[in-house]
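Engineer: The chain contents come next:
Number of protein chains: 4
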Amino acid sequence: MSSNTLEDLRAKLAAFADERDWDQFHNPKNLAMAVAGEVGELLEHFQWLTPDEAASLPEATRDEVALEAADVLLFLVRLCDKLGIDLAAAAERKLELNAVKYPVGKSRGLATKYDKL
Amino acid sequence: MSSNTLEDLRAKLAAFADERDWDQFHNPKNLAMAVAGEVGELLEHFQWLTPDEAASLPEATRDEVALEAADVLLFLVRLCDKLGIDLAAAAERKLELNAVKYPVGKSRGLATKYDKL
Amino acid sequence: MSSNTLEDLRAKLAAFADERDWDQFHNPKNLAMAVAGEVGELLEHFQWLTPDEAASLPEATRDEVALEAADVLLFLVRLCDKLGIDLAAAAERKLELNAVKYPVGKSRGLATKYDKL
Amino acid sequence: MSSNTLEDLRAKLAAFADERDWDQFHNPKNLAMAVAGEVGELLEHFQWLTPDEAASLPEATRDEVALEAADVLLFLVRLCDKLGIDLAAAAERKLELNAVKYPVGKSRGLATKYDKL
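Residue numbers (the working numbering), protein chains in the order written: chain R, 1 to 117; chain V, 1 to 117; chain Z, 1 to 117; chain C, 1 to 117.
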């Protein structure tokens with residue numbers, strides 16, 4: 001995977017919005033909706049596929065999915081920037097919390113939510 | 001923002017799932033749904049807030065939102081991994097496409113979608 | 001509002017799918033994703049609008065939103081049909097539960113979730 | 001399925017909100033987000049299930065799903081009310097449009113979107 005960081009993306013998106021005077025639209029409420037809108041587009045690629053079909057997308061579809069996933073990421077990074085959230089740090093923190101909530105011994109082979117383990 | 005990369009996250013998530021034998025659940029169709037489920041939780045924090053309130057969350061709420069945003073990111077990274085998509089590269093590619101779709105001169109100060117500019 | 005019932009819709013959708021041999025695609029997992037995909041399209045109409053703008057949509061936009069809302073409803077009715085859920089009865093039951101969870105005296109003028117009231 | 005209409009639901013929801021002075025929160029932008037938040041909860045019930053498991057939910061899960069589906073419907077009906085949209089009429093209109101977009105002869109047995117048929 002490419003080596004750029006979420007901080008690189010954050011800075012590029014901030015500059016992109018600034019050049020276009022888009023900060024007026026990019027408040028957190030709007031950006032949260034934009035994330036959700038893009039996720040809807042992502043889902044549409046998968047909704048009628050069997051799990052097996054979804055796991056072996058034709059090249060062209062996979063390219064489209066890659067750009068939809070990118071849209072989700074871009075708005076998510078932008079949302080966090082406007083909220084003053086360090087997304088990379090939050091992801092690390094969540095990984096640590098998940099390791100506690102889902103100890104290997106209890107969760108192995110199970111899709112059960114932690115509060116029912 | 002912290003300096004870790006999407007590739008770091010990808011590798012950690014793959015190891016996390018592997019230790020728990022979760023690959024059986026982590027097919028792309030399921031992961032796309034999981035991304036959407038987490039986005040729903042993210043939205044719930046904002047739905048009854050005015051744009052001004054959403055832009056000045058209390059510290060405790062902001063912490064909760066940070067972890068919801070992290071959940072979205074973690075499942076998105078995992079989805080891309082299972083699809084063989086380089087998410088960081090896709091984000092760079094999408095930024096370049098957006099620069100073409102939204103030239104500064106035409107899009108400045110407008111929330112109009114590119115196909116109506 | 002028109003007087004047709006959810007049961008009318010359910011029956012029409014079942015016939016529509018049957019004529020097209022679409023039951024093979026209309027399993028509950030797929031239909032839940034389809035509901036979410038349509039909601040994403042609904043959101044996109046509102047994401048860059050201020051609350052005031054969203055409350056006074058131009059006629060043409062309102063027509064588009066009406067059809068997106070219809071899409072959400074159609075897949076939701078179809079999902080419930082395939083699950084053997086009586087959606088109209090569930091809505092009545094939820095209204096009764098909400099009346100208990102949100103007593104007028106405690107919830108008046110507040111957007112607070114019931115478990116924090 | 002129960003025989004009540006969307007108009008019944010609309011009127012009950014309007015009275016419910018009025019008694020609680022909730023119109024201040026129930027603007028279309030907020031309600032669109034609320035629909036999406038509820039759909040996220042709906043999805044979470046299905047995300048780790050195989051299509052077969054999702055089609056044969058245990059009774060208790062099906063009850064929970066019924067209430068989540070009801071939540072989606074209630075906010076959708078409320079959204080349409082605040083926008084002045086006749087949801088039942090829109091659903092009828094969409095069914096007619098779909099019959100044109102997906103003629104039996106062309107769409108039989110296919111999940112292909114109409115613009116690619």
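The set of hints was computed from the structure by calculation and includes no laboratory data.
All values derive from a computational prediction rather than experimental measurement.
Some hints could be false.
Which copy is meant is left open, because identical chains are indistinguishable; a pair holds if it fits in one copy or across any two.
[Claimed, not checked] Here are the computed lysine-lysine pairs in the DSSO-like style, where the Cα-Cα straight-line distance is at most 27 angstroms: (1) Lys101 to Lys116; (2) Lys82 to Lys113; (3) Lys106 to Lys116; (4) Lys106 to Lys94.
Engineer: For each hint, tell me whether it holds in the structure or not.
Structural biologist: Cross-check of the supplied hints:
{"no.": "1", "hint": "Lys101 to Lys116", "in the structure": "both (11 angstroms within a copy, 24 angstroms between copies)"}
{"no.": "2", "hint": "Lys82 to Lys113", "in the structure": "between (31 angstroms within a copy, 21 angstroms between copies)"}
{"no.": "3", "hint": "Lys106 to Lys116", "in the structure": "within (11 angstroms within a copy, 31 angstroms between copies)"}
{"no.": "4", "hint": "Lys106 to Lys94", "in the structure": "within (19 angstroms within a copy, 35 angstroms between copies)"}
The structure meets every hint from the earlier list without exception.
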